[in-house]
Amino acid sequence: MERDIIVVSRELSISKHRVNRIKSNTFRQSIRVFSKDRLAVIGAVIVLVSILSAVFAPFIAPYAPNIGDGSKRLLPIGTPGHILGLDEQGRDILSRLIYGGRLSLLSAIIPITFMFAISLALGLIAGYFTRLGEVIMRILDVLFAFPTALLAIAISAIIGSGLTTIMLSISIVMLPYMTRVVYTSTMNEKNKEYVEAAKALGATKFEILFKEILPNVLTDIIVYTTTLMGTTIVFASGLSFIGLGIQPPDADWGRMVTGGISVLTQGAPHIATIPGLVILIVATAFNWVGDGLQSALDPYKRTQ
Amino acid sequence: MSNLIEIKGLTKEFPTGNSTMFKKRTVFRAVQSVNLTIKKGEIVGLIGESGSGKSTIGRMVLRLIEPSGGNIIYEGKDITNLNHKEMMEYYQKMQIIFQDSASSFNPRKTIGDQIVTPMLRLGVAKNRQEAEMEVYHLLERVGLKREHFVRYPHEFSGGQRQRIGIARALALKPEFLVLDEPTSALDVSIQAQILNLLLDLQEEFNLTYLFIGHNLSIIKFFCDRVAVLYQGRLVEAADSDRLYTNPYHPVSRMLLNSVLTLDKKPLADEFNENTVKDKRNTGCVFSGKCLYATELCFQSHPEMVELSESHQYACYHPQNVIDPEEPLVKMS
Amino acid sequence: MTLLDISNLQVHFTSPNGTVQAVNGVDFSINHGEIMALVGESGSGKSITGLSILGLVPKPNGKIVNGSMMFNGSNLVDKTEKEFREIRGKEIAMIFQNPLTAMDPSFTVGNQMLEIIKYRQGLSKKNGLLEAKKLLDLVGIHDHDRVINSYPHALSGGMRQRVMIAMALSCKPKLLIADEPTTALDATIQMQILSLLKRINLELGTSILFITHDFGVVANLCDKVAVMYAGRILEYGETQEILTKPKHPYTKGLMNAMPETSIEQPRDGNGKKRLEQIDGSPPDLLNLPDGCSFFDRCNRATDKCCTAFPDITTKTNGHLVRCFNEEEVYV
Numbered sequence: 001m002e003r004d005i006i007v008v009s010r011e012l013s014i015s016k017h018r019v020n021r022i023k024s025n026t027f028r029q030s031i032r033v034f035s036k037d038r039l040a041v042i043g044a045v046i047v048l049v050s051i052l053s054a055v056f057a058p059f060i061a062p063y064a065p066n067i068g069d070g071s072k073r074l075l076p077i078g079t080p081g082h083i084l085g086l087d088e089q090g091r092d093i094l095s096r097l098i099y100g101g102r103l104s105l106l107s108a109i110i111p112i113t114f115m116f117a118i119s120l121a122l123g124l125i126a127g128y129f130t131r132l133g134e135v136i137m138r139i140l141d142v143l144f145a146f147p148t149a150l151l152a153i154a155i156s157a158i159i160g161s162g163l164t165t166i167m168l169s170i171s172i173v174m175l176p177y178m179t180r181v182v183y184t185s186t187m188n189e190k191n192k193e194y195v196e197a198a199k200a201l202g203a204t205k206f207e208i209l210f211k212e213i214l215p216n217v218l219t220d221i222i223v224y225t226t227t228l229m230g231t232t233i234v235f236a237s238g239l240s241f242i243g244l245g246i247q248p249p250d251a252d253w254g255r256m257v258t259g260g261i262s263v264l265t266q267g268a269p270h271i272a273t274i275p276g277l278v279i280l281i282v283a284t285a286f287n288w289v290g291d292g293l294q295s296a297l298d299p300y301k302r303t304q
Numbered sequence: 305m306s307n308l309i310e311i312k313g314l315t316k317e318f319p320t321g322n323s324t325m326f327k328k329r330t331v332f333r334a335v336q337s338v339n340l341t342i343k344k345g346e347i348v349g350l351i352g353e354s355g356s357g358k359s360t361i362g363r364m365v366l367r368l369i370e371p372s373g374g375n376i377i378y379e380g381k382d383i384t385n386l387n388h389k390e391m392m393e394y395y396q397k398m399q400i401i402f403q404d405s406a407s408s409f410n411p412r413k414t415i416g417d418q419i420v421t422p423m424l425r426l427g428v429a430k431n432r433q434e435a436e437m438e439v440y441h442l443l444e445r446v447g448l449k450r451e452h453f454v455r456y457p458h459e460f461s462g463g464q465r466q467r468i469g470i471a472r473a474l475a476l477k478p479e480f481l482v483l484d485e486p487t488s489a490l491d492v493s494i495q496a497q498i499l500n501l502l503l504d505l506q507e508e509f510n511l512t513y514l515f516i517g518h519n520l521s522i523i524k525f526f527c528d529r530v531a532v533l534y535q536g537r538l539v540e541a542a543d544s545d546r547l548y549t550n551p552y553h554p555v556s557r558m559l560l561n562s563v564l565t566l567d568k569k570p571l572a573d574e575f576n577e578n579t580v581k582d583k584r585n586t587g588c589v590f591s592g593k594c595l596y597a598t599e600l601c602f603q604s605h606p607e608m609v610e611l612s613e614s615h616q617y618a619c620y621h622p623q624n625v626i627d628p629e630e631p632l633v634k635m636s
Numbered sequence: 637m638t639l640l641d642i643s644n645l646q647v648h649f650t651s652p653n654g655t656v657q658a659v660n661g662v663d664f665s666i667n668h669g670e671i672m673a674l675v676g677e678s679g680s681g682k683s684i685t686g687l688s689i690l691g692l693v694p695k696p697n698g699k700i701v702n703g704s705m706m707f708n709g710s711n712l713v714d715k716t717e718k719e720f721r722e723i724r725g726k727e728i729a730m731i732f733q734n735p736l737t738a739m740d741p742s743f744t745v746g747n748q749m750l751e752i753i754k755y756r757q758g759l760s761k762k763n764g765l766l767e768a769k770k771l772l773d774l775v776g777i778h779d780h781d782r783v784i785n786s787y788p789h790a791l792s793g794g795m796r797q798r799v800m801i802a803m804a805l806s807c808k809p810k811l812l813i814a815d816e817p818t819t820a821l822d823a824t825i826q827m828q829i830l831s832l833l834k835r836i837n838l839e840l841g842t843s844i845l846f847i848t849h850d851f852g853v854v855a856n857l858c859d860k861v862a863v864m865y866a867g868r869i870l871e872y873g874e875t876q877e878i879l880t881k882p883k884h885p886y887t888k889g890l891m892n893a894m895p896e897t898s899i900e901q902p903r904d905g906n907g908k909k910r911l912e913q914i915d916g917s918p919p920d921l922l923n924l925p926d927g928c929s930f931f932d933r934c935n936r937a938t939d940k941c942c943t944a945f946p947d948i949t950t951k952t953n954g955h956l957v958r959c960f961n962e963e964e965v966y967v
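Protein chains in written order, with the numbering used here: chain Z, 1 to 304; chain H, 305 to 636; chain V, 637 to 967.
If you are wondering where the hints come from, they were derived from the structure by calculation, not from laboratory data.
Please read all numbers here as calculations on a predicted model, not as lab measurements.
Mixed in with the good hints, there may be bad ones.
[Claimed, not checked] Derived contacts from chain H toward chain V, CB cut-off under 7 Å, selection only:
#1 Glu-393
#2 Ser-488
#3 Ala-496
#4 Ile-522
#5 Ser-562
Heads up, the beta-carbon is just placed ideally off N, CA and C, and yes, glycines get one too.
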């Protein structure tokens, strides 16, 4: 009977605690800071639109991307039925843009996302365990040294051109840069006093690494990653431009530019320029989002 | 009173420069052969200027810095070489309050979180709800509000953060606290609040303190016993009052003379302007600056002399023997 | 003879959250050859006061909005940046709390000293070096060559501060403003620096405005003292007078907060050792209360105290205080 009373009263105090518990509003604060940055919001909208249109391409695109009408080639912007005109093979540019977005975004987002996780783990371990870290960074230095285009060519020589080649090349090329950002960040944090305090509070090495240091390193790498998205889209486009990536008739934005270059002098500049502009806009949008995230994740800004 | 902590022959060397094939690695001796005993319920002060090694000793007791030599004995058990798992029991019993409250907290976690996590980790609380309730109580005990639980460290003033640091240490229900210059970075009026709070808590929870500082009058006020350090060596240890009235070691005298009180005094200094460097490096650590240094002082470092059970000093020419009756400084 | 006369100085900072009244009506004067202390904690406005004298209030947020500072017959408040360049270092010099950050880490000490000497006195390099060595002697550094060829980080804290003082004195200014120059130094080194400043005051007749929070320093070095809180001076007068008979509860509280300057024995009602503490924390300078800014922390406060800020009352010996409920007469 006594034990029941004790249990019940404990349950009561815990449930009273649940009601009286002070809630943290970190998430709401982050959203508020992010939305204050107008460029970040615009960037987020652009990125969202690009991703959604890529996902829902079959439902949005007015025409099939690879079917061309030879009689309508090189028609300019504003041609009835084809808002952005037609390309050098009479294909609707808007549709190709939408479908091309799938390939461009995919070839950037997938490798970067994978490398985000790998570079985070690798950089944290390399930064915290000094001797192991030196070995890891020396190995990565080898990758640093590779000229990126040559690497892509070498890979395509083995497995042929295509989306996989692009994604693999990007992964290998970006890994050392991303790891280094995490590495330097970790080295800075591990000497700070709160790490020492965590040790005094009984934290194990891994607890310190993943529960104390990681949150402080995350901002740097998240921001760096968003800027890399832009770079990667351009890079992937570049690889397609020189013929290593997507093969015709499929096209990502880079390929579209390639196709348009040949007819630049024939009075149809829109064919190359439009996809080029889109690459620029989307890359910039990612950068803006990165800046906004940097502020949103900063505890100082959140509480102003 | 039993001994809670015994420090025996504690030494710490830091490597400086790089070793090559031809040149042996040089070392910087931060702490050399320090012996200190802290009884249960005592407040012991560690005083020294910059470079005396006092902070290093404080951290070595908690094994935040690994000693190069010597032993740390907690309630009779030698904890110097325990592994992490064995140390968990002692992390709960010994805690530390840092000087810089800003940098000793993770900027990206709420302060409540930072107190709750170690409570769960060290088994002080059974579950999260229990821990949180205890933290609310603690925050109020140290003079804050329970709403502060979800705030971040930078949202607080220096004095408030130091209170949070005290709450974090107390949450683990420790027996022993190292206070590493807990008020040096605070405004004077806030210092008094924090020192008074620490004294209240010491009585309430029967804690034992090791107070590390550089202000002799604060240490004399706060501590029962004081140990004086100079460049890594313990040069004198005595009860607070006695050190103030009857210091034997020239370093203690020098520190006492540097205390500026309301009584005006001639602003002279009692040691050599320019340090005399002796290549042998085996003598007393203070010999280079000491006005009373002789050849013996440069030759070898003096052994500790036991004047009484509570008063020890290490000097060949203690200065109080000249006139043992006359106190050096008026007791305030 | 009055060297510097500050009257109703007000310095405001604009911030996104409102106006910070950092200095809110400060009056004091320094005579030739006098050492005056400006005592306060962080947020009191003492450092900003020092900076205003040399026109160094951080722009664009900070601005002197009112008041006058008469120096050598002209008002410093009206001076242009160009005019200040003639005053800084020459007539009025300043030394700071952290000499490491005040000096350029990429140049040797000798280089930096010569730069000032050559700019101000137009000497050749050879003569400039001789002058530099004389200055180092003045501040008690006799190891000339080593110090002149060292970089700032290679010197100890005390040495660095002495070099700073040497550089500040290179043109024999009439007034030296010292902003907490010894706070970051060991107590023994602090003694040396204070003794050096005292010697300079006696030998060169340089007036000193010493900004600090330590009454022990005030007692041993300064002739006059002004206690600042939340941008205003609460008490002002001769050191001996103020330290033996502090009338303002804040002054008394601040003195009692440090064991070495405690007027009473640090003990509480039960005989246990406790420092007399001032509860609460400094006010928010964005929202200063209507009445006395010390009201919410004062143990002698009455209803009158939150209605208006007390006027200046003059006690004997030029002892000025602003309080409705001054401390009782001391025995």
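Hints versus structure:
1. The beta carbon of Glu-393 of chain H comes no nearer than 33 Å to any beta carbon in chain V, farther than 7 Å, and the hint placing it at the interface is violated.
2. For the restraint placing Ser-488 of chain H at the interface with chain V, the shortest Cβ-Cβ distance is roughly 10 Å, beyond the 7 Å limit, so the hint is violated.
3. For Ala-496 of chain H, the interface hint holds, the least distance from its beta-carbon to any beta-carbon of chain V being 4 Å, beneath 7 Å.
4. Interface restraint check for Ile-522 of chain H: the shortest CB-CB distance to chain V comes to about 6 Å, inside 7 Å, so the restraint holds.
5. Restraint check, Ser-562 of chain H versus chain V: the minimum CB separation of about 4 Å is within 7 Å; hint holds.
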